[in-house]
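Novice: Now for the letters of each chain:
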Amino acid sequence: MPDPVTAILLTPLFAAAVLAVLPGYRLGAALNMLACFASLVFAVVLLFDRPPVGVYLLVDDLNIVFVLLNCFIGFTTSAFSASYIGHELQTGRLKPIHLRFYHAMFQIMLFGMNLALLANNIGLMWVAVELATLTTVMMVGLYRTAEALEAAWKYFILGSVGIALALFGTILVYLAARPVIGDGLDAMIWTNLQQYAPEFDPSLLNIAFVFLLLGYGTKVGLAPLHAWLPDAHAEGPTPISAVLSGLLLNVALYALLRFKVLLAANPHAIAPGPLMIGMGLLSLIFAAFMLYRRRDIKRLFAYSSIEHMGIIVFAFGMAGPLGNFAGLLQMTMHSLTKSAIFFSVGHIAQVKGSQRIDDMGGLTESHPLLGWGLVAGVAAIVGLPPFGVFTSEFLVVSSTFAREPILAVILVAGLLLAFGALLSRLNDVAFGPVKGPIGRVHASYIPMFAHLSLVLMAGIWLPPPLVAWFQHIAAILG
Amino acid sequence: MVAPHGLSFDVAHMLAGGLVLVSFMMLYQDRLTALLHVLALHAFVLALSVAWQAHIQDAPHLYIAAGIALAFKAILVPYALRRMVFQMGLHREIETVGGVGITMLAGIALVALSLEVMLPVTAHTDPVAREDIALALSVVLIGLLMMVTRRNAISQVVGFMSLENGINLAATGARGMPLVVEISVAFSVLIAFIVIGVFLFRIRERFDTIDVGALDRSRGGQR
Chain A
24 MPDPVTAILL
34 TPLFAAAVLA
44 VLPGYRLGAA
54 LNMLACFASL
64 VFAVVLLFDR
74 PPVGVYLLVD
84 DLNIVFVLLN
94 CFIGFTTSAF
104 SASYIGHELQ
114 TGRLKPIHLR
124 FYHAMFQIML
134 FGMNLALLAN
144 NIGLMWVAVE
154 LATLTTVMMV
164 GLYRTAEALE
174 AAWKYFILGS
184 VGIALALFGT
194 ILVYLAARPV
204 IGDGLDAMIW
214 TNLQQYAPEF
224 DPSLLNIAFV
234 FLLLGYGTKV
244 GLAPLHAWLP
254 DAHAEGPTPI
264 SAVLSGLLLN
274 VALYALLRFK
284 VLLAANPHAI
294 APGPLMIGMG
304 LLSLIFAAFM
314 LYRRRDIKRL
324 FAYSSIEHMG
334 IIVFAFGMAG
344 PLGNFAGLLQ
354 MTMHSLTKSA
364 IFFSVGHIAQ
374 VKGSQRIDDM
384 GGLTESHPLL
394 GWGLVAGVAA
404 IVGLPPFGVF
414 TSEFLVVSST
424 FAREPILAVI
434 LVAGLLLAFG
444 ALLSRLNDVA
454 FGPVKGPIGR
464 VHASYIPMFA
474 HLSLVLMAGI
484 WLPPPLVAWF
494 QHIAAILG
Chain B
33 MVAPHGLSFD
43 VAHMLAGGLV
53 LVSFMMLYQD
63 RLTALLHVLA
73 LHAFVLALSV
83 AWQAHIQDAP
93 HLYIAAGIAL
103 AFKAILVPYA
113 LRRMVFQMGL
123 HREIETVGGV
133 GITMLAGIAL
143 VALSLEVMLP
153 VTAHTDPVAR
163 EDIALALSVV
173 LIGLLMMVTR
183 RNAISQVVGF
193 MSLENGINLA
203 ATGARGMPLV
213 VEISVAFSVL
223 IAFIVIGVFL
233 FRIRERFDTI
243 DVGALDRSRG
253 GQR
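Quick mapping for you: the protein sequence lines, in order, are chains A and B.
The numbering used here puts the first residue of the first sequence at 24, with every later residue one more than the last.
The numbering used here puts the first residue of the second sequence at 33, with every later residue one more than the last.
By construction, these hints were calculated from the structure, which means they are not laboratory data.
Each hint can be trusted.
Stretches of chain A that chain B covers, calculated by requiring three or more beta carbons in the stretch to come under 8 Å of a beta carbon on chain B:
(1) 135-149
(2) 175-182
(3) 218-231
Glycine included, C-beta positions come from ideal geometry on N, C-alpha and C.
Given these sequences and hints, build the entire structure.
Specialist: Take a look at the structure:
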């Protein structure tokens with residue numbers, strides 16, 4: 024049995040190499056699924072068999088949640104992608120050569136994200152985030168229409184600027200660490216940084232955090248740096264929208280959380296909370312208003328992702344055991360729900376041949392499974408009980424009311440605004456007279472319903488071991 | 033630690049200051065070919081600066097980073113972009129650079145800001161690193177300024193490259209920073225992709241111009 028960490032990283036690389044040369048899209052899609060499943064198995068093994076901390080790689084209680092979520096959604100998305108991509112081939116939007124490229128890129132993207140999560144070195148983490156960004160840029164531009172190229176270009180330029188600022192922040196962290204830890208690699212290793220953080224120069228650390236917040240915050244999609252996100256979600260293939268919302272935003276958030284822990288450990292540095300709270304609330308309110316004017320269904324849910332990342336960053340900014348717990352739960356629930364929504368939206372857009380909300384109607388009648396799946400997904404994402412998002416949003420709101428009532432009022436206002444916007448859109452799309460083509464759809468419903476039932480289960484009953492685990496992580500995050 | 037008034041400090045300081053100066057030269061270039069020449073100069077000054085850091089820090093791996101800067105960023109990329117500009121027939125075009133005076137003033141304000149921010153907080157670090165980081169931040173901010181004031185995709189790429197040069201300066205200035213070479217390779221890959229991206233935009237002939245404003249129009253109203 025190989026070391027699970029190495030296996031998680033090598034499986035996608037190996038699969039990418041094979042997928043790049045493998046003819047036949049069915050075989051490619053199957054192998055893509057298989058590789059994702061293997062990564063998921065290794066991620067589960069990681070729970071029980073944790074390798075020792077290395078110079079470059081690290082497995083600890085925090086990142087294991089992210090890795091597990093990453094591998095799980097990677098696997099379900101590959102299953103969705105298998106049924107989605109065949110349709111794209113039939114309609115001629117993509118050619119077989121594009122699919123080979125697509126599958127290989129899918130694996131490299133998963134590799135980049137897992138490497139970023141498992142890195143014990145802030146430089147390595149930066150390189151991995153860049154790799155994940157580059158691969159997603161190429162996927163977003165896959166259709167090569169004017170809109171897709173525009174979205175990819177915008178994502179590219181904004182993402183590059185974000186990533187450049189993050190590197191500047193990383194260099195500043197190194198400068199802060201160097202006098203304490205000494206020259207060289209040691210001063211870039213997480214576990215060292217965490218240990219010696221109380222002795223770092225606080226003012227350098229402060230400035231570093233501002234750059235890191237702006238840099239990685241661009242990738243999280245925080246307003247006012249979110250401009251790339253709706254375009255990238257709307258114009259790329261839908262599996263990529265699902266992965267962007269469900270995974271890539273989380274990876275950037277994870278990087279931010281790591282640096283937040285450093286800052287929190289230093290008694291003289293500024294508290295990272297207020298900055299995160301401010302950006303989180305701004306994103307939430309902004310996205311809630313933007314939801315009202317959307318005409319493209321994928322754009323609509325992209326703005327909903329900005330809204331939710333706002334809530335999550337807000338919760339982590341509030342910090343404390345309850346705030347962090349709520350943030351973690353919200354993040355997990357959002358990833359699962361949003362990717363389920365994109366699974367459904369992807370097939371719907373294929374049937375209707377359009378992403379315009381005006382071209383859709385009566386979906387629960389014409390395509391009951393997809394339509395009701397979408398209804399359940401939207402009900403979950405707006406925070407209706409009994410779904411898990413309700414639990415986590417309730418925790419965020421109630422813990423905020425207890426500490427900062429004014430902030431809680433703003434938070435609730437944003438949540439209600441988004442609630443109204445999404446439900447009224449859902450009403451247009453899912454109910455009423457049937458609009459547009461009603462062709463049959465070769466959909467795989469399992470990924471969508473698997474995600475939704477997990478979210479439903481979490482809303483009804485959170486298993487005690489999971490609660491204990493998340494509480495433990497919340498304590499680490501401070 | 034390098035003495036604050038020795039020759040090695042002065043040369044490092046001069047080269048970093050030179051980089052800021054060349055950044056300013058970019059701000060008022062309204063012809064693409066001229067802008068690309070300044071970009072090559074920018075990367076050349078960076079290469080000198082990195083090589084000097086390699087010398088005074090006695091860090092031979094930095095010579096590799098300097099070599100990458102020289103070969104890739106000072107020669108290859110400007111050459112490729114220049115060919116593209118000629119192929120697209122953009123070499124005669126004059127880009128509207130809104131208000132040179134205001135842009136220059138904004139640039140000066142950004143330099144003042146970065147010195148004001150960085151010098152106090154780095155008071156306890158190595159003086160060479162201190163100056164380098166402050167000047168590097170200026171270069172980064174001027175690069176950002178360039179990216180927001182220009183509408184042409186190639187000018188934006190040039191702005192991004194100058195921004196990235198600033199980050200390279202900061203990374204080499206931080207004594208003993210590991211992975212500098214790896215990071216500069218990663219950045220080179222990024223830039224190569226950007227250049228290829230610009231090229232693809234053109235050969236697909238989806239747009240008549242690579243003015244980014246045209247991209248906004250192609251969105252076809254609100255969606």
